[in-house]
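2 protein chains.
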Amino acid sequence: MARYPGTHTTGRGGFMPRTKRGNAPSIRDVAAVANVSVPTMSRYLKDPERVSEKKREAIAAAIEKLNYRPNPIARALALDMSESITVMSADTRLYGRTQTIFGIERKAQEIGYPITICVLDPRGGERMLSNVRSCLDRSPAGVILIDFDRLTDSVVSRIPASTPMVIIGGPRHERRAQIHLCEYDSAYAMTRRLLELGHETVHYVSVPADVDARADGWRMALSDAKVPAPAPIATTWDAEDAIEIGRRLGEDPSVTAIFAGNDEVAMGLMRGLTLAGRRVPDDVSVAGFDDHTLSKVWNPPLTTVRQRFSEAGEHAVALLKEQIDDVVNDCSRGEAWTVFDRIAGDLVERESTAPRRS
Amino acid sequence: MARYPGTHTTGRGGFMPRTKRGNAPSIRDVAAVANVSVPTMSRYLKDPERVSEKKREAIAAAIEKLNYRPNPIARALALDMSESITVMSADTRLYGRTQTIFGIERKAQEIGYPITICVLDPRGGERMLSNVRSCLDRSPAGVILIDFDRLTDSVVSRIPASTPMVIIGGPRHERRAQIHLCEYDSAYAMTRRLLELGHETVHYVSVPADVDARADGWRMALSDAKVPAPAPIATTWDAEDAIEIGRRLGEDPSVTAIFAGNDEVAMGLMRGLTLAGRRVPDDVSVAGFDDHTLSKVWNPPLTTVRQRFSEAGEHAVALLKEQIDDVVNDCSRGEAWTVFDRIAGDLVERESTAPRRS
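Residue numbers (the working numbering), protein chains in the order written: chain A, 3 to 360; chain B, 3 to 360.
No lab work stands behind these hints: they were computed from the structure.
A portion of the hints provided could be inaccurate.
As the list claims (entries may be wrong) - Looking from chain B toward chain A, a few residues come up when the C-beta cut is under 10 Å (computed):
1. Val35
2. Val40
3. Thr42
4. Val89
5. Ala110
6. Pro116
7. Ile117
8. Thr118
Ideal Cβ placement from N, Cα and C applies to all residues, glycine included.
Build the full structure now, drawing on both the sequences and the hints.
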């Protein structure tokens, strides 16, 4: 099984024709037939009301005669705005982002917008801001920022208030459209449920995020139940790193319930508990967060919070479309620019949690 | 936990300013200062050699004087080509695609190209071809087609030979650049390995794909070992559907080795085997394909074939860049247009496979 070679010799025989759009009429052809200038044509494509009625009629006749179909690039140039929705996100391989982007893709395709992906450096700083700048340089029609890494403060301040934008997740930004996934509430409910099952406390293993609404919900539920909170344990996005944490927690017989910041981490913890000789859920209950596709087939199937990621993605596109329409129509800005919509999660109890054995 | 409302009332107060690029000089400003026409400026941005030396110098001086930074949309219009790489793929939530797209994103960002995602309808037919047409209408700089669903015949014939394109996976297309993931070879090697462990035969559970190189490799390994092949069992991309298949196979005591078309299916099978009271690997060996992130943390960790998806994505961008450079430079076409590069998989033996118990 040969690996591909690192370099390629590029032969130089044969002629490579330049990419062509065939014989489709251009904006220039239409302008010539209508006997107007190209800037007038641009103005017409941007806002027909700004062109005199006589010229409007001449252009409309020329468009019909030539069967002209506006070149999307030319149209974007006229509006100084590309026809693409830019999705900004850190690591797109992680489950929640993949699902959210899928919802964005599906809805954007439905309304005829291509999506462009702008990958942000999750370490933040100058590299990330440079990613953001180069994406904005391309004048997207609008931006959807997936903020599961809580990067927004520095990113949002770089995006002009006049640029259509919807933020999914992250801390609240006043005066911006945002979709809130209610993680605090869901984490509170899951922790309370584990306490109801008779566990004396609930240990929490957190995924990376500067501000962790999930951890806050867990902490508040313990506090409301007058249960001291054990120190939360930080882990990475890599499920493998949770195995060792699960093994260590498994060696402490007082640990009977663990809540993980996401499902992959919960899976790693369960593997570690198995290696430590503890059974799930007989000895230790484990709950996750997200309802990963594989949670249902895990052994045992995982209790978790179902997050409606793809629904959030679809809704973000719908909100963004309202903002884009405002820009295109040069009209007043509506609620779509500042709305704060909630898409709540659901508790899904499967077989990885159980009443505490007495 | 309120759900977001289905509709929004859009207030109409306040004025929404049109998106502006600020006071950045345009191609027209530079043309005016250089005392050349806008088409000459376009020609200069496209290929400076086509402009007389005198005008070249005047334009270069004007660019410096105005601190002109070319508008990418204007540049794309001049070349009749956008500056975006379009990635075509069916369902982008599936593991192999997510990883491949991540590699494409990383490399494209490195060389300064945004990527646009074009989601293909995996059922093919007119809807899919309409997806393809609308993406091509936007004149991408190049196309990367992820063909894990073997959709290429109808898609590839729609993409002009002069459009830069790299295909990842799928059956071989002569005269096109393609990256081959050697699935046949890997499936052959995995099946042979299971036979070496003493299993009398290996059952195969296939994922959807019109032409399944993995199934072919499995069949050939059995044939070479003079072992009759049991009928392969078809399943969906949804791991949950494999649970029932695992349960049924588990009820047949002659089944001691199962090879799954991907890791998620292998995980579903293992859950079904557990429900049927069979232990993995003591009673039944299970192998997967892909090396999914969660394979390492599965209980027991999954034996599989590691596929180098993100490496394939990065390599596709490198090949595409060579083709794009050919188009931009209007030069002869090189090997990058027709190359067939192999990125082989690796067998990864973990704890879900074992010698057959006598």
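| Does Ala110 of chain B meet its interface restraint, that is, does its C-beta lie within less than 10 Å of any C-beta in chain A? | holds, 9 Å
| message | Min Cβ distance, Pro116 of chain B to chain A: is it shorter than 10 Å? | response | holds, 5 Å
| request: Closer than 10 Å between Cβ atoms is the bar; does Thr118 of chain B clear it against chain A? Give me holds or violated. | output: holds, 5 Å
| request: May I ask you to test the interface hint for Val40 of chain B with respect to chain A, counting a Cβ-Cβ separation under 10 Å as satisfied? | output: Hint holds; Val40 of chain B Cβ to chain A Cβ min 8 Å, cut 10 Å.
| field | Status of the hint placing Thr42 of chain B at chain A (closest C-beta pair under 10 Å) | value | Not OK, violated: Thr42 of chain B not within 10 Å of chain A, min 15 Å.
| query | If you take the shortest Cβ to Cβ gap from Val35 of chain B to chain A, is it below 10 Å? | reply | Cβ of Val35 of chain B sits 18 Å from chain A, so the hint is violated.
| field | Given hint Ile117 of chain B near chain A, where the shortest CB pair must fall under 10 Å | value | holds, 5 Å
| request: Grab the minimum C-beta distance from Val89 of chain B to chain A and call the hint holds if it beats 10 Å, violated otherwise. | output: holds, 9 Å
In summary, the structure is inconsistent with hints 1, 3 from the numbered list given earlier, while agreeing with the others.
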